[in-house]
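Q: All chains should be built: construct the whole structure from the sequences, respecting the hints.
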Amino acid sequence: MTSDNPKIRIENATKVFTVLEREDTETGRRKKGKVVKSTLTALKNVNMTVMPREVVLVIGPSGSGKSTLLRCINRLEDLTSGSISIDDTCVTDPKVDIRLVREEAGMVFQSFNLFLHLSTLDNVALAPIVVKKIEKRKARSMAKKLLARVGLEDKVESYPSQLSGGQQQRVAIARALAMNPKVMLFDEPTSALDPEMIKEVLDVMLSLAEEGMTMLVVSHEMGFAKAAANRVIFMDEGEIVEEGPPKELFESPETKRAKRFLEHIL
Amino acid sequence: MPRERIPTSDATLIPQKGEREIFSAWKIAFFGAIAILIFLVVYKPDPYKDIILFLPDGILKTFQVTVLSIMLAMVIGILAGLGRVSRIRFINRAATVYVEVIRGIPLLVQIFYIYYALGRIVRIPDITSAIIAMAVCYGAYLGEIVRAGIQSIPKGQMEAALALGLSRGKAMQYIILPQTLKVVLPPIGNEFIALLKDSSLVSILAVSDLLRRGREFAAHTFEYFETYTVVALIYLILTLFFSWLVGLMEVRLNRDVR
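Protein chains in written order, with my numbering: chain A, 2 to 267; chain B, 444 to 701.
Since the hints were made in silico from the structure, they are not lab data. One or more of the hints may lead you astray.
[What the hints assert, rightly or not] Quick list of in silico lysine-lysine cross-link-like pairs, BS3-like style, CA-CA up to 27 Å: (1) K470(B) / K492(B); (2) K625(B) / K137(A); (3) K133(A) / K613(B); (4) K145(A) / K183(A); (5) K145(A) / K613(B); (6) K260(A) / K45(A); (7) K183(A) / K492(B); (8) K45(A) / K257(A); (9) K200(A) / K248(A); (10) K139(A) / K470(B); (11) K133(A) / K598(B); (12) K146(A) / K613(B); (13) K183(A) / K613(B); (14) K613(B) / K96(A); (15) K134(A) / K145(A); (16) K640(B) / K625(B); (17) K492(B) / K137(A); (18) K613(B) / K134(A); (19) K598(B) / K38(A); (20) K598(B) / K156(A); (21) K133(A) / K146(A); (22) K134(A) / K156(A); (23) K146(A) / K134(A); (24) K598(B) / K134(A); (25) K156(A) / K470(B).
[To be verified] Simulated restraints on C-beta separations: (26) P621(B) / R100(A): 17 to 23 Å; (27) A537(B) / L41(A): 49 to 55 Å; (28) V544(B) / E154(A): 54 to 60 Å; (29) G599(B) / L41(A): 42 to 48 Å; (30) S192(A) / Q616(B): 29 to 35 Å; (31) K45(A) / G599(B): 22 to 28 Å.
[Said to hold, decoys possible] Quick partial rundown of chain B residues pointing at chain A, CB under 8 Å, derived from the structure: (32) F497; (33) Q594; (34) S595; (35) E602; (36) L605; (37) A606; (38) L607; (39) L609; (40) R611.
Model, not experiment: these values are computed from the prediction. The beta carbon of each residue, even a glycine, is placed where N, CA and C say it ideally should be.
A: As structure tokens, this is what we get:
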């Protein structure tokens, strides 16, 4: 591993969701007017670092806090306690400008979330124009290049509804890259795709990894893990249970929980 | 993704391509009204021809009041809708109180209130106060439509915009509102039709709209039956025509890339 400072540093990250319910938890019966606070701990004291140019895969059963972890890094959710820094900026510091944080961490969602009313080109060019105030023509030509990079130069004028899932996700990756992020966060990028489309998205992600992008990927794609991941982290119930190189973790997991989980997905 | 056509307005009563019935309800009503009107004028020019010639000024006034009111109501409605989804508590409450209060008072009372009650403090010309009253009232209804429209946009759109570094305001402006507009256009068209009908209420403020002109004519000639028949037919033709337009709009928006 490289010896320079970590790209992402997560320290004692804890996230507790508070759910307000009009229900008595003991009897399970509805009580009028009495609001019961119930809490759900999504992250428990998570400590981890991601080095520059490193590709880290996060796996774990649903509800284990993987997505919450990603969403806390670019502040779509706020941590309850602990801290996260990208490079040397503490992103969880309330004084820091959230927008700058989000420019530095590109995010790709499971459900693509392309802007449905905009063409592919405008989807990619919008944020540079609006946020970075880049001249329209310049932003558009840059967007064209990015779309070519993900193999969609012929879909520039298309709208999201005219694209397949795989193509939409590639546009989403191009859109995130347009802001020139320092790290890329992928939240189950292939979970909503048909098997044949998964490959085209993974190929784009692989080429990104080869170019040296720092990536944190929530995914269960073993092929991608073996080809590109430097490290795999297994999470369960908000905690990091086990981590290690992909080969070791997949083939000889140390903990029971990881073993049981891997039996299910392999 | 191909979407099923979602009926959001009365326009579903209007025949679409592929379901061309010769005698649909809309066609019977619309062409029937026109036919009756023509028949009356041709068959019995006295008094129907005089009535027809007397009314166009009123139609124009009705249009003027309706169009100006709906434009002002749109501005109020968008502000109220944004207020209703605002995260700032004060703005949210203010918008909600406005909507609740206005929806709970009859339009006619509001028109009286603005013209007569407030008229004691500031003198507002009759047509202006009519437009204000209608806009304030319909602003509340449109506000609820805009709110529903905003909330119908999937959450992921806002999240994606935020993740790219847009502020909430910019995300609203560039991502949420343009998509909302598409969703709310047909229901707003419906409100336009409702407002067209309700604009007849302003005739009590001596605004010489279609109904008022009819009343003036009838008061002179005592031909109440004939006059109000024509007035009703004209309102019917107007509203049916506009609901046809709303139907076209809805079909086009649903066919559109989304």
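Q: Does each hint hold? Answer for all of them.
A: These are the hints, each one checked on the structure:
Distance hint between K470(B) and K492(B) is fulfilled; the C-alpha atoms sit about 25 Å from each other, no more than 27 Å. Taken as a hint, the K625(B) and K137(A) pair is honoured in the structure, with Cα atoms around 25 Å apart against an allowance of 27 Å. Between K133(A) and K613(B) the CA atoms are separated by roughly 13 Å; this keeps the pair inside 27 Å, and the hint holds. Straight-line distance between C-alpha atoms of K145(A) and K183(A) comes to about 21 Å, which keeps the hinted pair within the 27 Å bound.
A hinted pair counts as satisfied when its Cα atoms are at most 27 Å apart, and K145(A) with K613(B) qualifies at roughly 23 Å. With a C-alpha separation of about 21 Å, the suggested pairing of K260(A) with K45(A) holds against the 27 Å cut-off. A C-alpha spacing of about 77 Å is found between K183(A) and K492(B), which places the hinted pair above 27 Å, so the restraint is violated. A C-alpha spacing of about 19 Å is found between K45(A) and K257(A), which places the hinted pair at or below 27 Å, so the restraint holds.
Of the supplied pair hints, the one linking K200(A) and K248(A) holds, its CA atoms being roughly 21 Å apart against a limit of 27 Å. Of the supplied pair hints, the one linking K139(A) and K470(B) is violated, its CA atoms being roughly 53 Å apart against a limit of 27 Å. Proximity of K133(A) to K598(B) is assessed by CA-CA distance (about 24 Å); at most 27 Å being required, the pair is judged to hold. As the CA atoms of K146(A) and K613(B) are separated by approximately 25 Å, the hinted pair is consistent with the 27 Å bound.
At roughly 23 Å between alpha-carbon atoms, K183(A) and K613(B) fall within 27 Å of each other, so this suggested pair holds. For the suggested pair K613(B) and K96(A), the alpha carbons sit about 21 Å apart, so the restraint of at most 27 Å is met. The suggested pairing of K134(A) with K145(A) holds, with an alpha-carbon distance near 18 Å, which does not exceed 27 Å. Of the pairs offered as hints, the one joining K640(B) and K625(B) holds, with about 24 Å between alpha carbons and a cut-off of 27 Å not exceeded.
The hinted pair formed by K492(B) and K137(A) fails the criterion: a straight-line CA distance of about 60 Å is larger than 27 Å. With a C-alpha separation of about 13 Å, the suggested pair K613(B) and K134(A) falls inside the 27 Å cut-off, and the hint holds. Restraint check: the Cα-Cα separation between K598(B) and K38(A) comes to about 25 Å, which is no more than 27 Å; the hinted pair holds. Between K598(B) and K156(A), the direct Cα distance comes to roughly 26 Å. Compliance with the 27 Å bound is thereby established for this hinted pair.
In summary, the hint linking K133(A) to K146(A) is supported, as the alpha carbons are separated by about 18 Å, within the 27 Å threshold. Taken as a hint, the K134(A) and K156(A) pair is honoured in the structure, with Cα atoms around 25 Å apart against an allowance of 27 Å. Of the pairs offered as hints, the one joining K146(A) and K134(A) holds, with about 19 Å between alpha carbons and a cut-off of 27 Å not exceeded. Under the criterion of a C-alpha separation no larger than 27 Å, the hint pairing K598(B) with K134(A) is consistent with the structure, at around 25 Å.
A hinted pair counts as satisfied when its Cα atoms are at most 27 Å apart, and K156(A) with K470(B) does not qualify at roughly 43 Å. The hinted window of 17 to 23 Å between P621(B) and R100(A) holds, with their beta carbons roughly 21 Å apart. For the pair A537(B) and L41(A), the supplied restraint of 49 to 55 Å is violated, since their beta-carbon distance comes to about 33 Å. Our hint of 54 to 60 Å for V544(B) and E154(A) holds, since their Cβ atoms are close to 55 Å apart.
One distance hint, 42 to 48 Å for the beta-carbon pair G599(B) and L41(A), is violated here, with the actual separation near 21 Å. Taking 29 to 35 Å as the suggested C-beta distance range, the pair S192(A) and Q616(B) conforms, at roughly 31 Å. Between K45(A) and G599(B) the CB atoms are about 27 Å apart, so this pair conforms to the stated range of 22 to 28 Å. Nearest Cβ of chain A to the Cβ of F497(B): about 47 Å, over the 8 Å cut. The hint is violated.
For the restraint placing Q594(B) at the interface with chain A, the shortest Cβ-Cβ distance is roughly 16 Å, beyond the 8 Å limit, so the hint is violated. Using the Cβ-Cβ criterion of 8 Å, the hint placing S595(B) at the interface with chain A is not satisfied: the shortest such distance is roughly 12 Å. With a least beta-carbon distance of about 6 Å to chain A, the hint placing E602(B) at the interface is held under the 8 Å criterion. Because the beta carbon of L605(B) sits about 6 Å from the nearest beta carbon in chain A, less than 8 Å, this interface hint is met.
The beta carbon of A606(B) comes within 4 Å of a beta carbon in chain A, closer than 8 Å, and the hint placing it at the interface holds. Because the smallest distance between the Cβ of L607(B) and any Cβ of chain A comes to about 4 Å, under 8 Å, the interface hint for this residue holds. Against a cut-off of 8 Å between C-beta atoms, the interface hint on L609(B) holds, since the closest Cβ of chain A lies about 6 Å away. Interface restraint check: R611(B) against chain A, minimum CB-CB distance 10 Å, threshold 8 Å, status violated.
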